[in-house]
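Trainee: If you read the protein sequences in the order shown, they are chains A and B. The opening residue of the first sequence carries number 4 in my numbering; numbering runs sequentially from there. The opening residue of the second sequence carries number 4 in my numbering; numbering runs sequentially from there.
These are calculated hints, taken from the structure and not from any lab test. Hints may contain errors.
Unchecked claim - Per label pair, the in silico range of CB-to-CB distance:
no., chain 1, residue 1, chain 2, residue 2, range
1, A, Glu250, B, Gly108, 36 to 42 Å
2, B, Leu384, A, Ser509, 32 to 38 Å
3, A, Pro512, B, His105, 32 to 38 Å
4, A, Ala535, B, Thr44, 35 to 41 Å
5, A, Gly325, B, Ser481, 45 to 51 Å
6, A, Ala91, B, Pro495, 51 to 57 Å
7, A, Glu250, B, Ala409, 42 to 48 Å
Each residue gets a CB set at the ideal place from its N, CA and C atoms; glycine is no exception.
Each chain, letter by letter, is given below.
2 protein chains.
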Amino acid sequence: MIGGVPCYNPCMEKSGVFRIGLAQLDVTVGDFAGNLDKMLTVLDAARGLKIDVLAFPELSVCGYPPEDLLLKPSFIERIGRSLDKLSAASRGLTVVAGFVEHRGGLYNAAAIIHDGRHVGTYRKILLPNYGVFDEARYFKPGVECPVFTIAGVKVGVSICEDIWYNDGPSAAQVRAGAEILLNISASPYHYGRIRQRADTLMARARDSSAVVAYCNMVGGQDELVFDGNSIVLDGTGKVLARGRAFEEDLVVADIEIQSAACVKNSNTEHRTVWDVPVVPVSTSAGAAKPLLPPRDVRDLSLVEEIYAALLLGTRDYIAKNGFKKVVLGLSGGVDSALVAAIAVDALGKENVIGISMPSRYSSPGSITDAEKLANNLGIKLLSLPIEEVFSSYLNSLTAVFGDTPAGTSEENLQARIRGNFVMALSNKFGWLVLPTGNKSEMATGYATLYGDMAGGFAILKDVPKTLVYSLVAYRNRSAGYDLIPQSVIEKPPSAELRPNQRDIDSLPPYEVLDQVLKAYVEEDRSVEQMLAVGLDEGAVRRAVSLVDASEYKRRQAPPGIKITARAFGRDRRLPITNKFRGNG
Amino acid sequence: MIGGVPCYNPCMEKSGVFRIGLAQLDVTVGDFAGNLDKMLTVLDAARGLKIDVLAFPELSVCGYPPEDLLLKPSFIERIGRSLDKLSAASRGLTVVAGFVEHRGGLYNAAAIIHDGRHVGTYRKILLPNYGVFDEARYFKPGVECPVFTIAGVKVGVSICEDIWYNDGPSAAQVRAGAEILLNISASPYHYGRIRQRADTLMARARDSSAVVAYCNMVGGQDELVFDGNSIVLDGTGKVLARGRAFEEDLVVADIEIQSAACVKNSNTEHRTVWDVPVVPVSTSAGAAKPLLPPRDVRDLSLVEEIYAALLLGTRDYIAKNGFKKVVLGLSGGVDSALVAAIAVDALGKENVIGISMPSRYSSPGSITDAEKLANNLGIKLLSLPIEEVFSSYLNSLTAVFGDTPAGTSEENLQARIRGNFVMALSNKFGWLVLPTGNKSEMATGYATLYGDMAGGFAILKDVPKTLVYSLVAYRNRSAGYDLIPQSVIEKPPSAELRPNQRDIDSLPPYEVLDQVLKAYVEEDRSVEQMLAVGLDEGAVRRAVSLVDASEYKRRQAPPGIKITARAFGRDRRLPITNKFRGNG
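For reference, chain A alone in the conformation it holds in the complex:
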C-alpha cells in the first residue's frame, strides 16, 4: 500500500483495455492561446474516445524550442497560466503535457493531470546540448523517474532523450514495475532519423518487455521540422499504432492489460541512479470498451520524406510568421524550379510569384525555361530585366574602378541587383522572398551575399545539389509529367554572370563535391580520411578550402530547413576568425 491506495499487482487484479492517445500537434513557439485551443479540441475528442491517458508532446504548451524566451520570467509565467487552463479543462481525463516548471530553476517537464488537477510532474533528466540543442543553457536535469499508476496500470512517463538509452531513466522505471513507457518528445527530422528512432524505440520495448508509447511533435519551427511519426509498440516491439508523418494526428492504441502486465521484465539488477517513486494517479480500472480497429500508415520513401519535410517546413514558416504570398527569382535553373514547385505545393499557385530577371549574360533558353515552368505551375511571372540598372552601376563606378578588368565585383553586382528587385517587391507588397541556393553552394560560398542569398527563408539551404535533382525527379514522377521541364534539368548548372560561365569552371562536379561536403561538413572527416576512402584529391582540397573560407557568408545567411544530420545554422557553430584549415 502506498498512502492508502492499493499497489499495482500484475496479472491478478486487472483485465480489459487500456487506451492510449497520442496527440501529435503542430504548435507554435509562444502562441499560448493557439496552442491551448488545439489542445482543448483534442481533450474533447479524447473524452469521446474514452482514452485512459492522453499525451501531448514535449513543451507543447509553449512550443519547442523556445530558446532564450525561456530567460524571460514573463514567458515562464505564461506557461504556468496556460497549463492551469489545460488542467482545469481536463475533467474526466488523465493527460500528460509538456511544459516548463519553475522550481528553484527551470525544468523541461511533463505535467500529469488527472480529472482537472495537476497531480504529478516528471522532469527531463537527459538534456541534449549538442547539434541544434541547447537544453543545458536553460534547464536543470531532473533526478526522479516516477512511475504513475493510471487506471490501475503503471506508466513510466519520460521526455525525449530519456528513452534513448537502454540504461537510462526508462530502464529505471521498468525495474520499478512500469508496464507502459510513455515518452513525450520534440524530435526534429533529418533524413535517416525516422528509421533510427523507430529502431531505438523497438529496442527499448524489447529490452524492457514494456509497451512503448512515443508522442512526437509535428510542424516547422525556423530551421527545424518535427516529423510526427508517433508510435505505440507492444513489449515485443510490434507496432500497435503509428502516427502520420509530417501531419497532425491523434494516435490511439489499445493495450490489452492482461497481456501487457504479464510479460513484465523480472530483471533484478537495480543500477538505478535516479529515485523511482511510484505515484498513484487514478486507480479506477480503464472502462471496459471494445478494441479499436488497427490503423496502418504508409511508409514514405526517402525522397518522399525529404520533400514532405521541405513542404511542411515551408508552409509553417510562412504561415506562422504571418505571410501569405512568396516571391522568388526564376532563373531557368533547377534550384529555383524546385523552390517554386515546393512553394506552390505548400501555399497554392495563387500565392507564389516568380520573377524573371534576365541580364546580358542570360541564355535565351533560361528565359523560356522560366516561362515554361511558371506556366506548368500556373504561377504569375513578372519580368524585370537588370540591364538598365546594371549599366547605371557600372557607369557610376567608372570613376573609382577605372580600367580594372571585370571580375567578381561586376558578377556580384548582377546578383545583388536581382536581390534588390525581389526585396523591393517584398517591401512593396509584403511578399516573403525565397532565395533558391542549395547546400552545395552554401558550403562552398558559391553564392552572392546580399544577392542570390537575400531573402527570408532558404528552403534548399540544407539540400545538396545532387539531392535537388532527385527531388525534382520525384516531383515530376508524382505529377505524372515533366512539371519541371527536362530542359531545366538537363542544362549544365551556371550562374550566368559572365559569358559561357559554368559551375564546373569553379567547383568540382556536384556528384563528387557532395560526397566531399557530406564527409567534411556533416562528418568532420579530415583530408587524409577523405583521400583514404578514394575521394579525388583535387576535389577534396578545393572543397575544403572553399568551405573554410565561406564562414562569414553563412553567418549572414537566412535560415533554412534542416534535413541532413548537420545543417548550416544552429547545428554547426564555427568561428569566422579561425586559422585552422581543414587542408592542414
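We have chain A already, so just place chain B on it with the hints.
Mentor: Okay, now just chain B, sitting in the frame of chain A:
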C-alpha cells in the same frame, strides 16, 4: 611523504621569493603555429626573469572559443601536438597552459608542465553554458581539484569559472592546503566586468587567505574581446601586480613565501565534493632572488575602457581575418563618424577609405560634414552619388509598382544601393566593409537589411546610440579638439531616405529608447516592470514591438563587438518564429 617526496609544511621549511608569471597573450583560434611562437617567446623571457611558475590563459594553445572546431578530431590532434612542442621547449621551467585533453571525452584542461614534461593536468569543473558560452556542448566536467607542489609551494590550479564561487573548486584546494590559487581564464569583456571580476577575485583571496594569481586572455575573437587585466592578489586581497587592459602583457609578481604560507586558512569544514589529490611537481625551493619592484597600471574610465575594447576588437578581427584596409560609408552622421575614428585609431589613416554616397534627400550639411570629418581624420574620401542608379531602379520597377505611393520599398532601395556600392569596392579592392549601425538601430530594426546592415564587421552593433555620443565626446577630448565636428554631433539623427526625415518620427527619443532597450533586451524586464520604474508607456510599447518584430533582420546581421551584458549574436538566441509578444 607522498611517493618519497617531502610534503609541504607551512612556515617551517621555506623562505624566500616565489615568482609568478602570467602571460596574457592575444592568441588566435586555430593558429597553432602562431600561438606556439608567442608562447615560446615568453618562455625565454620567463627563464631570464627566474619565474617559478608561468601561466598561459585558458585554451591558449588553440584559442578561445574554438566552437565546433572542437568536434573535428584533426583539430584535437593538433592541440595535442602543439602542447607536446610547448612541453619540450619548457626545460628548466614550470608552466601552466590551457589546452583540450581528449580522454574518453574532451576536457577544458590546464597542463602542468615541468622541465620539459607534462606532469599533471587540471580539468575545468564548472563549464559555463549561458550567454556567449557553450562549454557543455563540448566538454565533460572535471571531478578533481589537484594541488600541485611547485618549488615547495602548494598551488591550486583552476580554470576560469572554477574560481568564481566561494564554495567551488578553489575552496576545496585551499582546504587541502593550497597557498596560491592560480587561475587561467578566457573571460570576455563587457562593461562593468573588469570591476566585477576584480571584486570577485579579491573576495576569493580574502575568503581563503590565499594568494590569487589570475591570468586572463587578451584580444578579439569574432564578437568577443578579452580584456587582459590579469591580476595577482595577496591573501588579504591587496593587489601585488596587475596586467594591462586590452594589451598583451607579462605580469610578474613576487610572493614572499614565509608570509604567504603563514596566513593559511585553518577552516576545518570539509564540504569538498571533488577529489583533491596533492601532486608534487618540483620540490626545489624557488631560487633566492631579490623582489621585483612593484608596477602599477592605471585604471581606465568606463568610456575609455569601452573605446579600448572597440579598438582591440576591430584591430584583431581585421588582422586575424587577413584584411588590411577597410571601407565605410560616411553619411555625415555621428555613427559613421565614430566608426571611422575607431578604424583610423585601429588601423592607421592610410588603411581607411570613406565613401560619400549622397542622394536627392541628402542635406548639403551632411555632405560637407563627411568631407570635414575625412579631412580631420586624414582619410581618403570617395564620392559615389546614388541618384543615377536610384532612378534606374525606379524606372525598371515602374511596370510592377505602378502608381503605388513611395514608401519603405523606395527608402530601402537607397540604402541597398549604398550597400552595393561599398560591397562592389570590397569585391574589387579587397577592403573589408564596416557597417555603421548602432545597437539602438539593431534592436528596433531601424536599419535596412542588405543596405546599411551590409558589411563584414559591425563595430557599433552593441553600442547604444546614447553611448555613441559619449564615445565621440571622449574621442574629441582625447584629441584635444573637435576631431569629430560639432555639426556632426549636433545634427538631429536622420536616415535621410525621404524629405525631412528624422529618427524621432519613427522612434522614441534615444535617451528614453536606450533605457527601455537595456531593460528589455539586456535584463528581460516585462512591460509591467518597465512601467513600474517610470518609463514612458508609449516608448516602452513602441520599442518592445519593434524589438520583437526585428528578429529576422538580426539573424542576418554581421557580427559585432560585445560590450554590454547581453549583445545581439551568440549571446541572445531568440526564435524568429515566435508569437510571444513582450507587449502581452
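Trainee: If a hint holds in the structure, say so; if it does not, say that too.
Mentor: Comparing the hints with the structure gives:
{"no.": "1", "hint": "Glu250(A) x Gly108(B): 36 to 42 Å", "verdict": "holds (39 Å)"}
{"no.": "2", "hint": "Leu384(B) x Ser509(A): 32 to 38 Å", "verdict": "holds (35 Å)"}
{"no.": "3", "hint": "Pro512(A) x His105(B): 32 to 38 Å", "verdict": "holds (36 Å)"}
{"no.": "4", "hint": "Ala535(A) x Thr44(B): 35 to 41 Å", "verdict": "holds (37 Å)"}
{"no.": "5", "hint": "Gly325(A) x Ser481(B): 45 to 51 Å", "verdict": "holds (48 Å)"}
{"no.": "6", "hint": "Ala91(A) x Pro495(B): 51 to 57 Å", "verdict": "holds (54 Å)"}
{"no.": "7", "hint": "Glu250(A) x Ala409(B): 42 to 48 Å", "verdict": "holds (44 Å)"}
Violated hints are absent here; each numbered hint is respected by the structure.
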